[in-house]
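Chemist: Those protein sequences? They're chains A and B, same order as listed. Numbering-wise, the first sequence is residues 1 to 456 according to UniProt numbering. Numbering-wise, the second sequence is residues 1 to 516 according to UniProt numbering.
It should be emphasised that the hints constitute simulated quantities derived from the structure, not laboratory data. C-beta: ideal position from N, C-alpha, C; glycine also. Wrong hints could be hidden among the right ones.
Unchecked claim - Listed next, the in silico BS3-like pairs over lysine-lysine satisfying Cα-Cα at most 27 Å (straight line):
no., chain 1, residue 1, chain 2, residue 2
1, B, 154, A, 81
2, B, 65, A, 38
3, A, 249, A, 205
4, A, 190, B, 65
To be verified - Covered by chain A, per the in silico footprint, the following chain B stretches (three or more residues, Cβ under 8 Å):
no., segment
5, 167-179
6, 293-299
7, 408-420
Residues per chain, in single letters:
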Amino acid sequence: FQAPAYHLILEGILIVWIIRLLFSKTYKLQERSDLTPKEKEELIEEWQPEPLVPLVPKDHPALNYNIVSGPPTHIITVNGKECINFASFNFLGLLDNENVKSAAQASLKKYGVGTCGPRGFYGTFDVHLELEERLAKFMRTEEAIIYSYGFATIASAIPAYSKRGDIVFVDEAACFAIQKGLQASRSNIKLFKHNDMADLERLLKEQETEDQKNPRKARVTRRFIVVEGLYMNTGDVCPLPELIKLKYKYKVRIFLEESLSFGVLGTHGRGITEHFGINIDDIDLISANMENSLASIGGFCCGRSFIIDHQRLSGQGYCFSASLPPLLAAAAIEALNIMEDNPDIFQTLRVKCERIHKALQGISGLKVVGESFSPALHLQLEESCGSRENDVKLLKRVVDYCMNSGIALTQACYLEKEEKCLPPPSIRVVITVEQTEQELDKAASLLKEAAQSVLN
Amino acid sequence: QKNGVSNGTLYKKTFIEHFEQAPMYVAVLTFLGFGVGTIFGYLRDFMRAWGLEKRNIATEREEQKDFVPLYQDFENFYTRNLYMRIRDNWNRPICSVPGPQFDLMERVTDDYNWTFRFTGRTIKNVINMGSYNYLGFAETDVNALKTVTIELQKYGTGICSTRQEMGTLDKHVELEKLVAKFLGVEDAMVFGMGFATNSMNIPALVGKGCLILSDELNHTSLVLGARLSGATIRIFKHNNMQSLETLLRDAIIYGQPRSRRAWRKIIILVEGIYSMEGSIVRLPELVSLKKKYKAYLYLDEAHSIGAVGATGRGVVEYFGMSPDDVDVLMGTFTKSFGAAGGYIAGKKDLVDFLRTHSHSAVYATSMCPPVAEQIIRAMKCLMGLDGTTQGLQRVRQLGKNTRYFRRRLHEMGFIIYGNDDSPVVPLLLYMPGKIGAFARRMLEKNIGVVVVGFPATPITESRARFCVSAAHTREMLDTVLNALDELGDFLHLKYSRYSKSSHPELYEETRLEFED
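Using the sequences and the accompanying hints, generate a full structural model.
Modeler: What follows is the structure, encoded as structure tokens:
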């Protein structure tokens, strides 16, 4: 065939160019002036890392723990001194209950101590299945799943559902375990002011306008609200009825963390849903730990099978960790039995909480933070003395005064650099069913004295 | 191929690991198997979507049908169609102590594994090759558990407080001193859960501006801890010291990406024994590397503490090194001690720092006293402090059992991964169909095994994993080996090209056992 001359010349030049490129030396795009091996060795010699851990000063407030000799029950021996326990979350007094101990003993005889395996590899015992069934029945949900550690429960549950790109609206006062779960999930976190439904609604509306700009993305972005039933950091409850309304209005799922409210709120101890009289199916996931009211170790999540079953393959703390030792599961079952057979302890606990809440009002220098029916209260300084360190030292003197006179208290401990919204320093006051009225009054008057002598 | 010794002078005894590759046809057939499963999966999904087949999975509430769906259909494709077919091999419930033999609850399914129902019968005395019971401390002997019973009666089961508040008991102080003595370090701290030990302490040790060099096959807890810390993570090939050295050199020479600032510190995360491969970390080379480049070493001895080493002190003792060479010694009590929980041990500065800054000390409950007592009694037994030599006997028995089991499996012609001294024995199955067949048939022969497939292992390397225990007797191991021999022939599992004689009884055992 015929081809015009310029065609042949052009193609000729192209072929020559290609051959030249093929045989030319390759070079990296970002031409670093390459270091000579001698320079590299020098750099390696010169580099000095930081020490693995910074030195901790000997007088660091958290370095020396209070050592408890014997069981941390109602009468506790701290650092050698016998005190009445106002610091352990033993709300229902089940820590030294004889029935619970004998159930654990029976389990110990039959199963030994450890389970030697995760749930998937022969670590599932019949006690675990029984405990899950009992918890589901008690909370009146379809299914429950047990974890072997309370902290890991919510920290594994959240990342199982919420992934990168999803949106989570969480209360500012959420506890550390929730914060870690959110961090592991890599989702977008939106904090709303504590218990402020107007702020939450504002954030939800903003999200709605965002969605209208990009409806395709909105169709696959999951949204969650994470709240606690009874907040550990502030002692108050979340406004659940309003949250349910917001849930259906903006189509957001609710995850409820009930570590403190399980076994405390509600006529039968079923938690905040019973307290407010809400249908439990309206809450997508309830997570709680068994380390407070049930005086065992571990945690559980309960809800509909549609939701809970997913965690059996994607909950990291469930699949990749050994299961709960059977003696602790048996103790939890027995504790549940006691809770079901004696529903009046919840009312007793509430009466005691109200009593001490009233008695602690009017202490000069300290204010009570928490609801009147909350068994875990905080006492904060009315006026801070300037720096957090000094506040902590002042509160420590109050606590030491009380400990020397026979009431065991503790300050609420936080990791100052890691918390998103650090609560102010406070003294934790925990009310249990076992405390008598005289002891409650003694504690209140002692705190008044301590505040008087230390703060004035 | 056998990975022989690369730097002979550092190793005091021979380091033999096997990672034999299967013949090519096996890989082809494996992919074919997954392909067939996937096609049928699509078919089934199609039939379910069009109502030709019953839907067995739970569904969303009516009131929430217009919410954004919680799960994407495709995410669960593997679970719905491939995992569901052989789901009966996992989560098998037991109803006795997880010793060398246990009782399984009989479980049947009427609808192809969607739901299970218990018949009420138990399958008794199934040989347990799946539980992490390396030293046999999972026992119910009344004498052995005497102190645990007493402590349970005294303390109860709960603590209801964190370490920094009111949760430190005298038992914890006793346990920590004992752990420090056992490992030969200055101080130790114990935590309530092994998984949480990693995920809550690595973020306390490293943060932004630090570099984490983590092995390819590290456990999920290490990966989670590394992610939560906020440091930069770089992965090196499994147990490959050249790959690690390249990464170290590049890190120090070129600094942080883009800003070129020097890294604040570099920490290397490795495990003592890797639970899916059975390989032991190359500790001597690692320590010499870390000293040369001034990096820190975090050693997770979850599986190796108690299981390797002449007196059960872990990989540090196995290689004849000193515990001062490793900066952070971490381990768990779930495997060799038959309890629960984890520890971190090292210099006093390190432990003091963790006491004040660890997430677990501030926000998580401490270990419960009966579990602490079980660890104390198991550790005392291992150290010989209870007046008997039982601890040492257990360690020796585990070593003997491990070597015997691995030797026989090699002779039979199976492909076994890992180091000759590791009690974790992965036996390669490769094809997805054989996973279910293997586990079910072994159960019929009254042996309980653990099988693992994708995604815990690479897609072509499904395996059965045996955990040898000191409590297994020679007869139990022989029963298992004979069953494996039969099953290996029936399922054509003997892929190895280096099989030794198939008549082991021709060799006298005394000639092959070298007492160290």
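Chemist: For every hint, state whether the structure bears it out.
Modeler: Against the structure, the hints:
1. B:154 x A:81: Measuring from Cα to Cα gives roughly 18 Å; hence the hint holds.
2. B:65 x A:38: violated (67 Å)
3. A:249 x A:205: holds (10 Å)
4. A:190 x B:65: holds (25 Å)
5. 167-179: holds (count 5)
6. 293-299: holds (count 4)
7. 408-420: violated (count 0)
The structure is inconsistent with the numbered hints 2, 7, although it conforms to all the rest.
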